Structure formats: C-alpha cells, structure tokens
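Given next are the chains, with one letter for each unit.
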Amino acid sequence: MRRAQWAARVWASGPGRFGVIVVLAITVTAIVSLLWTPLDPQRVDIANRWAGPGAGHLLGTDGSGRDILSLLMAGARTTVLVAVGAGVIATVIGLVLAALGALTPRPVREGVTVLVDILIAFPVLLIAMMISAVWGGSLLVVIASVGIGFGVNIARVTRPELRRILRSDFVLAGRASGLTPSQNLWRHLLPNVAPVFIVQLSWGMAVAVLAEAGLSYLGFGAPLTQPSWGLLLADLQRFISVHPLSVLWPGLAITLTVLGFNLLGDALRDATDPTLSRGSEPRGTEPPAAVTA
Amino acid sequence: MIRYALTRLALLVLGLFVASALIFTTLRILPGDIAQLIAGVNSTPEQLAGIRERLGLDRPLPVQYGEWIGGILTGDLGRSQLTGTPVVSELLQKAEVTVPLGILSFVIALLVALPFGVYAAVRRHRPDGVAVSVGAQALAAVPVVWAGMMLVVVFAVTLGWLPAQGFPRAGWADPAAAFRALVLPAVTIGVVEGAVLLRFVRSATLQAMGQEFVRTAAAKGLTRTQALLRHGLPSVGLSVVTVLGVQVAGIMVGAVVIEQLFSLPGIGRMLVEDTGNRDLVKVQGELLVLTGLVLVIGFLVDLVHRLLDPRQREAE
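Protein sequence lines, in the order shown, are assigned to chains A and B.
Residue 213 in the numbering used here sits at position 213 of the first sequence, and the numbers go up by one each step.
Residue 1093 in the numbering used here sits at position 93 of the second sequence, and the numbers go up by one each step.
Just to be clear, a hint being listed does not mean it is correct.
[To be verified] Okay, the calculated bits of chain A under chain B, using three or more residues with CB under 8 Å as the criterion:
| # | region |
| --- | --- |
| 1 | 111 to 118 |
| 2 | 124 to 130 |
| 3 | 214 to 227 |
| 4 | 232 to 246 |
| 5 | 250 to 263 |
[Stated by the list, open to error] Residues of chain B clear of chain A, computed beta-carbon distances all greater than 10 Å:
| # | residue |
| --- | --- |
| 6 | I1002 |
| 7 | P1062 |
| 8 | T1083 |
The hints are simulated quantities; they were obtained by calculation from the structure and are not laboratory data.
Since we're looking at a predicted model, the values are computed, not measured.
Each residue gets a CB set at the ideal place from its N, CA and C atoms; glycine is no exception.
Okay, chain B solo, but in the shape it has when bound:
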C-alpha cells in the first residue's frame, strides 16, 4: 500500500508540474508580448518597459516560471494586473461562496444518484424503474444553465420561495440568507450531475447483482433485493468511488456557469470576469488552483479506492 501511495504521489507531483507548465506556456509564451496586451495599442515604449519591469517580464522565461512556482510554494500567486490585489486573498474570499456551493451540489448529486440508481437497477424491468432510467438519461442531456433558468422560473419567479439571483452583502454573517442564496444553484448543479452519476450507479448495481456472492446469498434464501442490499452494495460503492473525481470536475465546471447565471460572487464568476479582462496573472493562478484540485482529488480517490478494495489489498 505504501509503495502504491508513493508511486501515485509521484504521479500527482508530475501531474501538477505538467499542468503548471502547460498553463504557463499557454498564458505567458503563446500570446507574445503580454505588456503590449495589457497596455493596449496606443502605449508608449516607456509604459511598456514599466509594465515589463513590474511583472518581471524582462527576465528569461525559465526564471519567470521558477519564480511563479516558488511563489506558489510559499502561498503567493502574484497580483492582479488590473487592480493589484493579491490573487490568493481574492481566491480565499471567493472560496467562501464556491466551496459551500460545491459541497452542497456534491451532496445533492449523491442523494439523487445513489438511491435512484440502485432503484432503477433493481426494478429495471418495471415501468417505474424504466421511467427513472429514461428520466436520468434526459436530465443528463440538459445544459446546466438552462436547468438553472427553469428552476428560477418555477421557484423564484412563480412561487417566490427563493431568491433568483445574488448573494447577501453580509456574506456568511447572515447565514440564513447566504444559505437561501445557494439552494437553487446547488440544486441545479446537483440534479444535473446527479443524473450523470445515476446512470453509472445503475450499471454498477446491475454488475453487482450478477456477482457470485450476491447470487449465492440469494440462493441461500434471501430475496434478490435483500441479497443486493446486504452483500452487493459495498461493491457498488467501490465502483462509484472511481468516478467521483470526474464528478468533482463536472461540479466545478457547473459552478463556473451557474455562478454567472445566479450572479454569485464565487471563483467561477471571477474566472469568467478575469478571462474577459485578460487579467493573465490572475487567470493563470485560478486555472492552476482548479486543475490542481481535480488532480489532488483524483489522487485521493485512487488511494481511497485502493484502501477499500479487499482484492487489491490482498494482491500485495
């Protein structure tokens, strides 16, 4: 196990390195002269030189890359080119919206996918089981932004139960209002992502139902459903763990779009604004944090999977 964990850790570090190099190459080397990009067409040579010096663009690229990485290791992602605020402090502030939104969406996705996925598998030959499968297939095809609009029409515009947009100015100092602001966005992401996950849970359950130990349990007198629930579910859980990494990436992408729709001041909305403003230093930091998150979660998921799977433990 330790050997596996170390190999996997090495792969994670390599992954973070490749990701950072790719982001740096795309944002720093490909655009050519960033100073020109920032200053605009009507800039004087002095302005350009000033920008270059301020951003360290006058130094060789490997040095710039090294400084960026060095900064990251000490918790510094640089400063916004437009406002001068440190990227890290702004990320932390916006995370107060995005992290709760992500966690809430994830929980909702699991609450949708696990029970209904198992149900759809157990009752796959009955009308209700088929209905759940068809519904999930259709929901998985819905663009998340449109799902959000439909929920706004029903729950905010028509019924008036929840706010259609925005986040309280006081933030989490007003916990009830902050939570209410996140309900519709989280349900939107959670239901759409849950529908994607549901289809996976369904096929994992079907696979478990065909396993020998489940069939044996059924042969010894349990009903097939009892056998599945008592003996098959751990194996379903194990399969589901493997796709949770992809799921987190899906929720993250959903959050970028949904924060825009609901005007939530989170990391996704910040990324959209900075991309529009071409604030490359900020975009660079934000992209690294987001892809880093996907890589780290993938790493954790693999470790958990290894720990949980008795076959892999015994193989060592």
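Isolated chain A, as found in the complex:
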C-alpha cells in the first residue's frame, strides 16, 4: 500500500486525526519553546508564588513563582527529546534483533528468539533503575532504557513478520532474479515490515513519555535544572494539600501526549492492516502499555 493512502486513512479516522494533531502540537510547542515562552520558565518570582490561573500567568505559578505554562512548554522539549531518542535506539535494537532472529542460520535464530523472550521480562523502569544504580540517573539513562526495552518489544513483533515475508513469492523472485541478500533486504523486506514497525514505534513513544515522567518523578530522570513534566509533578506534589489545582496541568499534558501517541499507533495499525475490512475489529496486537513506567 502506498504511503499517501495510509496517511489519508489515518487522517480520515477521528482518533487518528486527534493523534496526529496532538503529536504535531507537542512537537511544535517544543520547538517554539526554544525561541519563546510567555515568561522565562526558570525565573523565580517569590512575590507571585502560587498565583492562580489568570492574566499574566495563564495556568498560575508554582511555589517559587515560576510560570507553569512556560514550564510546561519548556518541559515538552524534554518529552520530545526522550521520545525521539528512545525511538531511534529502539529502531536500531529492534531491527538488529529481528534480523538476527529471522535471517540467520537456525541455531543463532532460535537463540536470539529465546533471548528476546527472556529480555521482555525486564520492565523498562527496572532497566532504568539498574543503570541508574551504577551511573546515576539522567535523561540519557531514560532514553537508553526505554530504547532497549522497546527495541526488544519491536523485535518480538517484527521477527515473525520478517519470517513471513521472507517466505513470500516476491522475495523468492527477487532472489531468483539475482538480488543479493542485502539488496533484497532493502528493497523487499524492510519496506514490507515498515507498517508493523511504525505502529510499534508510535506505541513505544507513548511508553517513552510515561517513562520519562515516572523516572523524573522518582529522581532518576531529568536533572533538577531542566524543565520536565515528571519533575514538575514531583515539585507540585509536596504542596498538593494546599494547592491541588496546580498538579492538574502537568498531568494533563502527559496524559494528552500519551493518548496522542497511542491513538496514532492504533490508527496506523488499522490503516496499514490489509486484512481489515470496514466495520470489523482489528485483529492485531494491543498496545503493550503494560511494558510501561
């Protein structure tokens, strides 16, 4: 199926359109925040601490008078950075493991498959804490652990797909007409696993957003000087009994972003599944949200 067709189908479905808009909005916000935020997100203004939502501070201020809207906009940078970084690492690990599990001689192939099944048992959060215990927490640790955790997940889903395509007629025809294995890989295999892969990636980015928030909340993610939604939650939580409303905003931002990535993934799955007819239910895998943070 052509790419333009997928895009049109995703856009045509309500949830898909919602997902696209949310993901674009977060990305644009992150980029805009590099150049402009309503106020300096780290500017302390004790006179205006805990200001309510209103003119001047659209979403109010926190305990040191920082503008919450500006903090959220700047926090989007951290979120996008982690989602993209983890996506890149997951892509590399996922493709390498899937290729090793599908294209190599049988003993290697089966070994890799068993290894992937075992690695699945490591939740992302535990991987992150394992690495943090050694090197201390940082965004890099978050990116690496989500990348590893999700890469393994992608490998598990992509490998059978690769095997299936490997046995199909057009790959055989390609081989018969003289393509080398690597030419065949680039020309026939990768384009055909791309749909499964992109769907997984979208869901993986949802997990990345949750993981960043969770780990930053626990103190193993973003450094205190960097605006992050998870850190903001941890900051505001200490005053939750006095200023409950302020906690609403970072939580909503995270939820909206995760929902956007999840719905985008769902819509991509529906749009790229050729077996799916109108009105029937998708038979594909559910988003592995429980791999989560």
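Given the coordinates of chain A, assemble chain B onto it according to the supplied hints.
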C-alpha cells in the same frame, strides 16, 4: 502436557540464569571498581582493600557470580553495603506491604476490566459502550503517579476519608489502619492497569462473538448476549490469561512509583532508595527477585493456559 511443562520449565531456568547474568554484569562488571564507588574519592588504599575483602571483590568474577548464585539457592542474597542488614530479611519485611498492595491492585484491575470490557464489546454501537471504550483509552494514558495525586486530592484532602500518605507503624498488627493505608494506592494502580486490561478484554470478547459456536448458539434461539455469556466467556477468559503476566509486570512497576507517592515502606520504595544510594548488592538482589517474579508468573500463566485450552490438549 508433561513434555510441554518440562520444556517450559527448562526455558524458565534458562531465563532466570540469563536474567541473573545480565544483572550481575551490569551491576558488578560495568561500573569498574565498586570499592571505589562505595568508599568515595577520598579513600585510602587500605580502606579500598578492606571493602574489597569484605565484599569478596578480590576474587575472580566467575567465582563471585557463582557465590552469588549459590547464596541465592540457599536463600541468601548478601548484605547491604551501607547498613549490613541481610537483603533477604529486609525484602521479607517490605513484602508485607508490597504483596498485599499488589494482590489488591490485581483484584481491582480484574474487577474493572472484566465486566466493563465485556460490556463495552456487547454495546459497542451504543453511546454507553463507546463511552466505556473511550474512557478506558483515556485512563490507560494517565501516568499512574498523577492518577494517585488526583485520588489523594479528592479522597484524602477534600473528603478526608482515607489517609494521604504513610503506613501504620504497627503494620498489620493494626489491620484496619494498614488496610486503609493501602486502599488509595491499590485503587490507583488497579484502575489504571484495569483500563489497560479492559481494552484487551473488549477485543477478546469481540473475537469470541464472531466464533462459530457463539453464532450457532445465537441461531438456535439465544440472544447474542446470552450466547456470548453462556458459550463465549470461556474463550474470553482464555485470551485474558495470556496477558496476565504482562499485567503483573505492570502492577509491579506501578507499585514502585506509587509506594514513593504514598510513602509506603514496601519493596518498590526500598529499590528507589537503594538505587539512589547505589547500594549495589541490595539493588542486585531486589532486581533479581522482581524480574524472577515476572519470569515465574509468565511460566505459570503459560502452564495454566495450556491446561485450560481444550484445542491444545487435544493436539497432543
């Protein structure tokens, strides 16, 4: 069946071995000199040697790994580098909070997911069914820590029904207070994880509704809902069993964050503290126990699934 169980058991043992080797490699070999890490930058060579001897770091790595595994088999996970307390006794003590929390969360997740998931499937073309699906989709996107904060705002801060934080000092000697302390944390994890599971139950139910035996039952005069409830539910249950392992992992991860939010003295909070303190021996033991738990539950889930599924039984 026995042959399958044995193969699966071998895979479990292999899994535990690979997991332990990975944890050992990451925590013991990658950091370089642990003694330096513990003693800090201003340590004397004598201090370092003392630490190395105390922890057995002066011996070859395979020997150290062997000793760790040997210890585990005899129920010994070593001692904390900071306090010297045995890791096992502390784990058992903290489990008094985490195990009830996990079980309670799991029950709540099932109570949310099963009825509402089936309902959402049966009434998928009606507004209420759609509302349940949309609600679950949104809830599944909520970070568990924020869900906890919202529940605290409503039920602890505003209504004052339940404690916002903490666990009674007397522990389970004061069962009412201990239970009250766990209600909000368990509801938080249970509802969020339940929403994730709900979506799975819904699609499993939809699949069951398309099965021939359900359609036949409907053709013989039952309503579609009756046919589903009488004949389709076993197949829904079977599909749901396959994801329970993932569910347990989700609850475990939720517990790590939620114990921090609610200041509960459980295994999750201990892991967070030990990770912050870089108490590597303890972290090593805790990670092995947690990943081991996920692997063992995965094993049990597979066995149960095999036992329950008549098609797989007959295939042998």
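Checked hints:
1. 111 to 118: holds (count 4)
2. 124 to 130: Since 5 is at least three, the answer is holds.
3. 214 to 227: Holds: 5 residues of the region 214 to 227 of chain A have a Cβ under 8 Å from chain B.
4. 232 to 246: holds (count 5)
5. 250 to 263: n = 9 at 8 Å, threshold three: holds.
6. I1002: holds (21 Å)
7. P1062: holds (20 Å)
8. T1083: Nearest chain A Cβ is 16 Å from T1083 (chain B), so the label holds.
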